[in-house]
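Novice: Make the full structure from the sequences, and use the hints.
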Amino acid sequence: MKVLNELRQFYPLDELLRAAEIPRSTFYYHLKALSKPDKYADVKKRISEIYHENRGRYGYRRVTLSLHREGKQINHKAVQRLMGTLSLKAAIKVKRYRSYRGEVGQTAPNVLQRDFKATRPNEKWVTDVTEFAVNGRKLYLSPVIDLFNNEVISYSLSERPVMNMVENMLDQAFKKA
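Take any residue in the sequence shown, count from 1 to its spot, add 190: that is its number in the working numbering.
Hints listed in this document are in silico derivations from the structure and should not be mistaken for laboratory results. Accuracy of the hints is not assured; some may be wrong.
Claimed, not checked - Calculated cross-link-like contacts (lysine-lysine; reagent style DSS-like; alpha-carbon spacing at most 30 Å):
no. : residue 1 : residue 2
1   : 267       : 285
2   : 328       : 267
3   : 279       : 192
4   : 262       : 229
5   : 267       : 234
Specialist: Here's what the structure looks like:
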């Protein structure tokens with residue numbers, strides 16, 4: 191509608207409306223709506239403030255609750271729509287890794303019996319999964335170490351401690367050995 195309104199200066203309105211296939215009443219309805227002040231301007235500003243105060247963690251439900259606590263009565267659907275127009279979307283929580291999975295399954299036998307000395311290369315390998323916090327994110331490292339000279343044979347780094355990470359690490363180690 192803004193484009194048609196600007197082109198009115200150069201072309202007759204009837205021709206513009208015919209080319210755009212828009213009825214005259216629709217054009218004037220939207221022209222009138224554009225000139226009206228935004229009734230949600232103050233609410234949009236406050237929604238944006240609440241969202242940024244909470245570092246993008248608040249979705250429309252918690253933003254609505256905050257607005258209600260401040261005494262502003264607004265429907266949650268309106269808040270959801272306004273957040274959409276402002277391109278504000280809450281960060282979704284990633285499920286944390288929990289090592290406990292119910293009853294403990296079968297435990298692998300302790301082959302090394304705490305004997306961490308090897309007499310030749312590739313005789314004894316050990317591995318583990320270690321969690322690191324880097325720049326506020328968790329990373330998981332899984333190396334294979336040869337106990338003969340404590341050399342790292344291969345390693346795998348992942349954002350989640352999944353079996354695929356360990357499989358990739360072992361594949362790399364077997365290719366090198």
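Novice: Work down the list of hints and note, for each, if the structure agrees.
Specialist: Structure-based check of each hint:
This hinted pair checks out: residue 267 and residue 285 have alpha carbons roughly 27 Å apart, not beyond 30 Å. A threshold of 30 Å between alpha carbons decides the hint, and for residue 328 with residue 267 the separation of about 35 Å lies outside it, so the pair is violated. Taking the CA atoms of residue 279 and residue 192, the gap is about 28 Å. The hint holds against a cut of 30 Å. Between residue 262 and residue 229 the CA atoms are separated by roughly 13 Å; this keeps the pair inside 30 Å, and the hint holds.
Straight-line distance between C-alpha atoms of residue 267 and residue 234 comes to about 13 Å, which keeps the hinted pair within the 30 Å bound.
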